[in-house]
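Read in order, the letters of the sequence shown correspond to residues 1 to 567 in the numbering used here.
Don't read these hints as lab results, they were simulated from the structure.
A quick note: this is a predicted structure, and the numbers were derived from the prediction, not measured.
Backbone N, C-alpha and C fix where the C-beta goes; we use that ideal spot for every residue, glycine too.
The reader is advised that the hints may include incorrect statements.
Stated by the list, open to error - Each pair of labels, with its calculated beta carbon distance range:
id: 1; residue 1: ASP102; residue 2: ARG263; range: 29 to 35 Å
id: 2; residue 1: ASP102; residue 2: GLU253; range: 30 to 36 Å
id: 3; residue 1: PRO421; residue 2: ASP336; range: 20 to 26 Å
id: 4; residue 1: ALA340; residue 2: ARG567; range: 32 to 38 Å
id: 5; residue 1: ASP336; residue 2: GLY398; range: 36 to 42 Å
id: 6; residue 1: GLU253; residue 2: GLY420; range: 22 to 28 Å
id: 7; residue 1: VAL342; residue 2: PRO417; range: 40 to 46 Å
id: 8; residue 1: GLY398; residue 2: ALA260; range: 43 to 49 Å
id: 9; residue 1: PRO417; residue 2: ASP74; range: 39 to 45 Å
id: 10; residue 1: ALA340; residue 2: ARG206; range: 46 to 52 Å
Stated by the list, open to error - Think about it this way: if two alpha-carbon atoms lie no more than 25 Å apart in a straight line, the pair counts; the simulated DSS-like pairs of lysine-lysine are:
id: 11; residue 1: LYS514; residue 2: LYS367
id: 12; residue 1: LYS441; residue 2: LYS483
id: 13; residue 1: LYS367; residue 2: LYS311
id: 14; residue 1: LYS311; residue 2: LYS413
id: 15; residue 1: LYS413; residue 2: LYS367
id: 16; residue 1: LYS514; residue 2: LYS483
id: 17; residue 1: LYS441; residue 2: LYS367
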Amino acid sequence: MLVVAFAASPAAADPSAGPSGDLSGGLSSDPAAPCDTPVTHRVAQVQGAGDATPLAGRTVRVEGVVTADFQRSDQLSGFFLQDPRPDSDPLTSEGLFAYARDTFKDVNVGDRVLVTGRAVEYNGWTELSPVTAVDVCGTGSVAAQPYRLPSDGLEPVENMLLTFPQPLTVSDHYNLGRYGEVTLSSQGRLFQPTDRPGVDAARNARRSLLVDDGSNRENPAVLPPIVRGGDVARGVTGVLGYGFGKYRLQPTEPIDYKDANPRPPRPFPVIGNVKVASFNTLNWFTTLGSRGAGNAEEQRRQLAKLVAALKGIDADAVALMEVENNGQTALQALVDAVNAEVGAGTYAALAHPYPGTDAIQVGLIYKPARLTPVGAPAASEDPVFSRPPLIQTFRRAGGGQPFTLLVNHLKSKGSCPSGGPDADQGDGQSCWNPTRVAQAKALLGLIEERDLPGPIVLGDLNAYGEEDPIGTLEAGGLTSVTKRFVPAHLRYSYLFDGLAGELDHAMVGRQLLKRVTSATIWHINADEPRVRDYNLEYNPPGLYRPDAYRSSDHDPLVIGLTLPGGR
Numbered sequence: 001m002l003v004v005a006f007a008a009s010p011a012a013a014d015p016s017a018g019p020s021g022d023l024s025g026g027l028s029s030d031p032a033a034p035c036d037t038p039v040t041h042r043v044a045q046v047q048g049a050g051d052a053t054p055l056a057g058r059t060v061r062v063e064g065v066v067t068a069d070f071q072r073s074d075q076l077s078g079f080f081l082q083d084p085r086p087d088s089d090p091l092t093s094e095g096l097f098a099y100a101r102d103t104f105k106d107v108n109v110g111d112r113v114l115v116t117g118r119a120v121e122y123n124g125w126t127e128l129s130p131v132t133a134v135d136v137c138g139t140g141s142v143a144a145q146p147y148r149l150p151s152d153g154l155e156p157v158e159n160m161l162l163t164f165p166q167p168l169t170v171s172d173h174y175n176l177g178r179y180g181e182v183t184l185s186s187q188g189r190l191f192q193p194t195d196r197p198g199v200d201a202a203r204n205a206r207r208s209l210l211v212d213d214g215s216n217r218e219n220p221a222v223l224p225p226i227v228r229g230g231d232v233a234r235g236v237t238g239v240l241g242y243g244f245g246k247y248r249l250q251p252t253e254p255i256d257y258k259d260a261n262p263r264p265p266r267p268f269p270v271i272g273n274v275k276v277a278s279f280n281t282l283n284w285f286t287t288l289g290s291r292g293a294g295n296a297e298e299q300r301r302q303l304a305k306l307v308a309a310l311k312g313i314d315a316d317a318v319a320l321m322e323v324e325n326n327g328q329t330a331l332q333a334l335v336d337a338v339n340a341e342v343g344a345g346t347y348a349a350l351a352h353p354y355p356g357t358d359a360i361q362v363g364l365i366y367k368p369a370r371l372t373p374v375g376a377p378a379a380s381e382d383p384v385f386s387r388p389p390l391i392q393t394f395r396r397a398g399g400g401q402p403f404t405l406l407v408n409h410l411k412s413k414g415s416c417p418s419g420g421p422d423a424d425q426g427d428g429q430s431c432w433n434p435t436r437v438a439q440a441k442a443l444l445g446l447i448e449e450r451d452l453p454g455p456i457v458l459g460d461l462n463a464y465g466e467e468d469p470i471g472t473l474e475a476g477g478l479t480s481v482t483k484r485f486v487p488a489h490l491r492y493s494y495l496f497d498g499l500a501g502e503l504d505h506a507m508v509g510r511q512l513l514k515r516v517t518s519a520t521i522w523h524i525n526a527d528e529p530r531v532r533d534y535n536l537e538y539n540p541p542g543l544y545r546p547d548a549y550r551s552s553d554h555d556p557l558v559i560g561l562t563l564p565g566g567r
């Protein structure tokens, strides 16, 4: 291939002087002088000032410097080029993606190239495809353009080399192991708009940046750094591509993440003489191949993590969600495994008198040496509950003030109906919201009708902190202990679609509220990427540890009570 100095290229003299139409008749066919074939358009002209190229379907020839090379078939099958001399329009990007695959292997970062190809808008991504000629005509350089979030719109810098000088926080890592993706955000992590006041969905989007790995492979053998939610990176640099409906920064330099949210080895100590907790086990099943573990090895790994979590929680009573509804089998297997670690008889499991017909049930385990049940376990047979609550009153061993746990797992936000009041109303609360409100009202009715002493409604309520079901419970006289005791930046238990929020709650009646002395959320799951869980099918084997981290997808909630009487 002929290589000449860039200054000798006719395109360098006036890159915008070429014909504005098709290439036919405008380019030399002399293969001995490819760098003498002039450009037809500047990169900015191909990009245009709108969301799509104004030259769609037309063959163009452009000139630029290669800023990133992802030509392998297991990568993006192309390279990025950028015009080093921006035009005067801030709405037009200076970068393009050339879908060139392995055909042009001589291209390297820093090459000055003339590229011929058809301008297309591929699912929202402006690119050249197919590329029919790539001529290397010297070398050059393009400095990464400093860019700050929140963004006013990324289209004007699509395909360009960018650097983000500000600190960016890890807000999502759900697809880190599967697709090499991490979402970063400016001004701290992102929260659900319905979880707390002052959160705006549009601003969340403007604060966000999806960082990809330059690969099109699922479950890549080499993963990006395994980060926790809340970790921070500064000086992130890469080229901004697009795909699957999102702008994607493909790093051109390794990202240096700082451990700004270290793993807590145990829950923050709560104050009191009784410790109560809530924990969603994420489908603890003893029946293989249904939910939860798919085989005996996964089950062993899952159980080890759940035991480590329960040991770390070390509560006097633990409300459990997503336990297999197979009588006492799954619940007792979990208790036996915990007791094998902490001592025989340390925990006992209550039998749910009416667990319902759902595949999962709620459960309750407690320490007989610390708490004494008052009466038998109770439940509600109200058909509004697909997973009936479990109700149990306790006293401290030796007597004292009673309190009542109402263990719940309200209707989930998934499997939405297509119509009716329970369909998604577009208000941020997802579907089944009226059903969850009805369930919240039924819980208030149970407390009043049965005159339950010291009620604590706790569990996975599948509603964020400012949604209608929580408002219903608050209007009925219950108070969120996490809103009172947990600082706002730490008040989350779940991560969905890159947004943190609190689905797991403890709501306390007026009688007991003055006895609640502390509360904490142990962040062992929501901040951990799922690639660290017990599953075998996608996770690199070296990542697994039999510890509490990513034992579930929900963080456990721990409450401290100071009750008079007992021992």
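Which earlier hints turn out false for this structure, listed by number in ascending order?
1, 2, 3, 4, 5, 6, 14, 15 and 17
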